[in-house]
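**Student:** Each chain, written out:
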Amino acid sequence: MELYSLTIHEAQEQLRQGVTTSVELTESVLERIDAVEDKVGAYISLQPEIALRMAEMADERRAVGEDRPLLGIPLGIKDTIITHGVPTTAASKILEGFTPPFDATAIDRLRQDGAVFIGKTNCDEFAMGSSTEYSAFHPTRNPRNLNCVPGGSSGGSAAAVGADEAFGTLGSDTGGSVRLPASFCGVVGLKPTYGRVSRYGLIAFGSSLDQIGPITKDVEDAAILLNAIAGHDPRDSTSVNAPVPNYVDDMKQGDGLKGVKVGIPQEYFTDGMEPGVAQTVRTAIDHLASLGAELVEVSLPNTQYGIPAYYIVATAEASANLSRYDGVRFGLRHDGGDMWNTYNETREAGFGPEVKRRIMLGTYALSAGYYDAYYLQAQKVRTLLRRDFEQAFEKVDVMVSPVAPMVAFEINAKVDDPLQMYLTDVLTVSLNLAGVCGISLPCGFSEGMPVGLQIIGPALGESTILRTAYQYEQTTDWHRQKAVL
Amino acid sequence: MKYQPVIGMEVHVELNTTSKMFCGCSAEFFGIAPNTNVCPTCLGMPGTLPVINKRAVEYTIMTGLALNCTIQPQNVFARKNYFYPDLPKGYQISQYELPLCLDGYVDIDPDSSGNTKRIRVRRAHLEEDTGKLTHVNNHSLVDLNRAGVPLLEIVTEADISSADEAYAYVSKLRQLVRYLGVSTGDMEKGAMRCEVNLSLTDPETGEWGTKVEIKNLNSFRSVRNSIEYEIERQTKVLEAGGKIDQVTMGWDEGRQVTVLQRVKEGDTGYRYFPEPDLPPLDLDPAWIEAIKANLPELPDAKTTRYTQDFELTLKEAQVLVEDKAVAEFYDRVVAEAKGTKAVTPKLISNWITGELFRLLSETGTDISEVKTQPKQIVDLIKLVTANTINQSAAKKVFGVMFETGRDPQAIVKELGLQQISDADQLIEIAQKVIADNPDPVEQFKNGKETVINFLVGQIMRATRGKANPKLAEQVLRDTLKN
Chain A
1 MELYSLTIHE
11 AQEQLRQGVT
21 TSVELTESVL
31 ERIDAVEDKV
41 GAYISLQPEI
51 ALRMAEMADE
61 RRAVGEDRPL
71 LGIPLGIKDT
81 IITHGVPTTA
91 ASKILEGFTP
101 PFDATAIDRL
111 RQDGAVFIGK
121 TNCDEFAMGS
131 STEYSAFHPT
141 RNPRNLNCVP
151 GGSSGGSAAA
161 VGADEAFGTL
171 GSDTGGSVRL
181 PASFCGVVGL
191 KPTYGRVSRY
201 GLIAFGSSLD
211 QIGPITKDVE
221 DAAILLNAIA
231 GHDPRDSTSV
241 NAPVPNYVDD
251 MKQGDGLKGV
261 KVGIPQEYFT
271 DGMEPGVAQT
281 VRTAIDHLAS
291 LGAELVEVSL
301 PNTQYGIPAY
311 YIVATAEASA
321 NLSRYDGVRF
331 GLRHDGGDMW
341 NTYNETREAG
351 FGPEVKRRIM
361 LGTYALSAGY
371 YDAYYLQAQK
381 VRTLLRRDFE
391 QAFEKVDVMV
401 SPVAPMVAFE
411 INAKVDDPLQ
421 MYLTDVLTVS
431 LNLAGVCGIS
441 LPCGFSEGMP
451 VGLQIIGPAL
461 GESTILRTAY
471 QYEQTTDWHR
481 QKAVL
Chain B
1 MKYQPVIGME
11 VHVELNTTSK
21 MFCGCSAEFF
31 GIAPNTNVCP
41 TCLGMPGTLP
51 VINKRAVEYT
61 IMTGLALNCT
71 IQPQNVFARK
81 NYFYPDLPKG
91 YQISQYELPL
101 CLDGYVDIDP
111 DSSGNTKRIR
121 VRRAHLEEDT
131 GKLTHVNNHS
141 LVDLNRAGVP
151 LLEIVTEADI
161 SSADEAYAYV
171 SKLRQLVRYL
181 GVSTGDMEKG
191 AMRCEVNLSL
201 TDPETGEWGT
211 KVEIKNLNSF
221 RSVRNSIEYE
231 IERQTKVLEA
241 GGKIDQVTMG
251 WDEGRQVTVL
261 QRVKEGDTGY
271 RYFPEPDLPP
281 LDLDPAWIEA
291 IKANLPELPD
301 AKTTRYTQDF
311 ELTLKEAQVL
321 VEDKAVAEFY
331 DRVVAEAKGT
341 KAVTPKLISN
351 WITGELFRLL
361 SETGTDISEV
371 KTQPKQIVDL
381 IKLVTANTIN
391 QSAAKKVFGV
401 MFETGRDPQA
411 IVKELGLQQI
421 SDADQLIEIA
431 QKVIADNPDP
441 VEQFKNGKET
451 VINFLVGQIM
461 RATRGKANPK
471 LAEQVLRDTL
481 KN
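Keeping their order, the protein sequence lines are chains A and B.
One point on numbering: in this note's numbering, the residue at position 436 of the first sequence is 436, and numbering is uninterrupted.
One point on numbering: in this note's numbering, the residue at position 469 of the second sequence is 469, and numbering is uninterrupted.
Hint data in this document are derived by calculation from the structure and do not stem from the laboratory.
Careful, some of the hints might be misleading.
[Said to hold, decoys possible] Each pair of labels, with its calculated beta carbon distance range:
1. S45(A) x V257(B): 54 to 60 Å
2. P279(B) x R111(A): 24 to 30 Å
3. G181(B) x K395(A): 54 to 60 Å
4. K395(A) x A286(B): 35 to 41 Å
Ideal Cβ positions, reconstructed from N, Cα and C, are used throughout, including at glycine.
Modelling step: build the complete structure from the supplied sequences, incorporating the hints.
**Tutor:** Next comes the structure, spelled out in structure tokens:
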């Protein structure tokens, strides 16, 4: 077996035993990238020299007795996450050439843990999209079927993991952007509770929704990465000041799923769903029951308002968050002669159509006379959705559903139909609006493409969803069925 | 006046915290090379997040309490969206619907008569300052050193009716922020910036006219002058049958006129919404109470104490209270004099507002640099009340004390200014004065009482001012009787 195909915990074990080195792991991944990246297009930029230097340093640290779970493990980082000294573009032309002078908190923590950074992964521009087709640079292809999208917006992060071009990656999830591509590519993606991982250094899309999350080959790897990046950060006032458990230890607790109450939200199994997806997820739920879980029908009655509320809140926040790209201090600048023309021409040239569409939507939603009808109303919906989840979690420990009503679709199938694209998020956005956590893990195939099982937990319920996911994974082998490239 | 002015003011006060409002950069930016006092956060780089400066919140609460406002324990920061090169994020973090301070007032006394007028404060909220633009030829240079410095915006109701009242209001605000120590209040350095909203009422209906905003007011004088100018300009327009447009005018300090800056669109274009990067600020009421308990004595309370407890006139009290450092110096001297009956607060006030003020202004010294200790002033006054030295000698001593910081007793001794309060020493001199001035003595004996002053003056001259004038008179009278 090639080194690049190992999971993080397997590679970790080999490093500990001295069977391999971080340099060897890194070289193996770089060779794999050489072999398949042309087909997949998972990365926006690669930093092989930096990676090898980091690997050497990790090996030196290990040589003097240091042993941390991520020491020497090569990772890919979504390009919406700020990396010191490495170009960070959020897949937008407007940030082309921007090299940040600081690190995101999550990156800082991974650096301290000795992780190795391979490159910056592709995504939809400013994380706005569900297919990674809205990257200003190039699309990413699904390693399971190169004619299909990898999902989005963290499509590069999921494809890189699916294609063994990284041992794990960081993505970011505003309305499903970690879970959807994980589901489409047949890998594991975790969206932590809002505030669990610092947003400092995550290029903002919808500030009240954004979370950084790991995308990995299996559940244990997700727990390892979450252990590293979770925790309070004084630089992010919205980060939660609560102790971080050891998710790997927590995940392995319990006897199967005995005593775990698994809720099935009826609104998450709708008529519009692809029958193969529904069938696969139903089978997975039965499997959970066979592990001892108690299945409970629950209701999240305001689910239907999730998508409209999400597209108002996210775009409203985005419209302000993206105002800083004005050509004055960094990134692209088109000199238009005077101030207003410079603004207009810079933003005209720098932003892609989907980003412009969302800026306009958000600006409209916040405008005088419309604020109450849109933004304020959406915030009220948010309160209702949060209450839905709270009430459901009074009855159950976790909830399960598909991640999306469909499997990965073909490239170009929805790119000109924004509304259809928005509906791919129908089963994921409510978690962001309510601030709760969720994980996507492979649970089978429909029409030859992977189907993701979404396990939803309450705020700070990461241990519970990881445990449920881990028990499922330990008794199935979907996660071992790799893409063939 | 035919048209009654209706004026409201918005004053921005730069808080002198150590660091900026939302990042760790220094809040001190004056005279620093452009764009060197910056970090990723105040440059608005992607991925950066604001963190609230607790001290700025504390300063705002202090000011709000001093303005008699209600402090809102639950308050919210909001984004005010607009594009301008001095605004790095494309939005200013400010407060909109739930500001820190609401519904206060300030009592002003424009003519120092004691007849105060109440100016209601609608709100006071915290926000971040912008950078600075310098226009050179066809270009604008951006300096973001100031971007993110905490700014307190204080908004009044339209309770101000004249340029003098506006002047008194901003003076009072400056006095307050200086008393609180939350800002330098230096208008010339931009630490206090005023905007005036002015309209004239229709004399027949009493309705308010169209509101005009005046900006670019960089001094107290410009506040007064611009309002006077604008009242005159609008009056002329109205009297000529014209109408006032809703505009923003800028004050041209050189030409002493207001000039049209832009046509106003109202604040509806800012698309305010709650700042998602900052959870609502949920203040502990105990913290607010603690801040309240630690507030320094404010000017109005001081004035009242001086007039009621110390029996100073209102004018005297106001002169002392005007500058916090002066009032504190005065308080220290008064405290030092405690238990010494003869050294009254009134006497101390006379010395401070008289001799000390004269010396300060003559030498261009700030009160903070004064070498003289409160105890030395008390000692000096004691020397006068005990008749050890007379008033004119005391002034001389005070001058030396001010210059050298030495004790008055030592100076009196060195200069030999000790008053002659021994009658025996004066008898001989009195006899000589009587012998040398036969004519005035004759006049006195014929009943011209006032001549005694001339004779006392001769004794003072002969003793080079050291004689106790009262004693000298007594000795003279006794000698003349014999």
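**Student:** Are the hints correct? Go through all of them and say.
**Tutor:** Okay, the hints, checked on the actual structure:
Roughly 57 Å separates the CB atoms of S45(A) and V257(B), a value that falls within the hinted 54 to 60 Å. At about 28 Å, the beta-carbon gap between P279(B) and R111(A) stays in the expected band of 24 to 30 Å. Range check, G181(B) to K395(A): Cβ separation about 56 Å, and the 54 to 60 Å hint holds. Hint check: K395(A) to A286(B), Cβ distance near 39 Å, so the stated range 35 to 41 Å holds.
In this structure, every one of the numbered hints holds.
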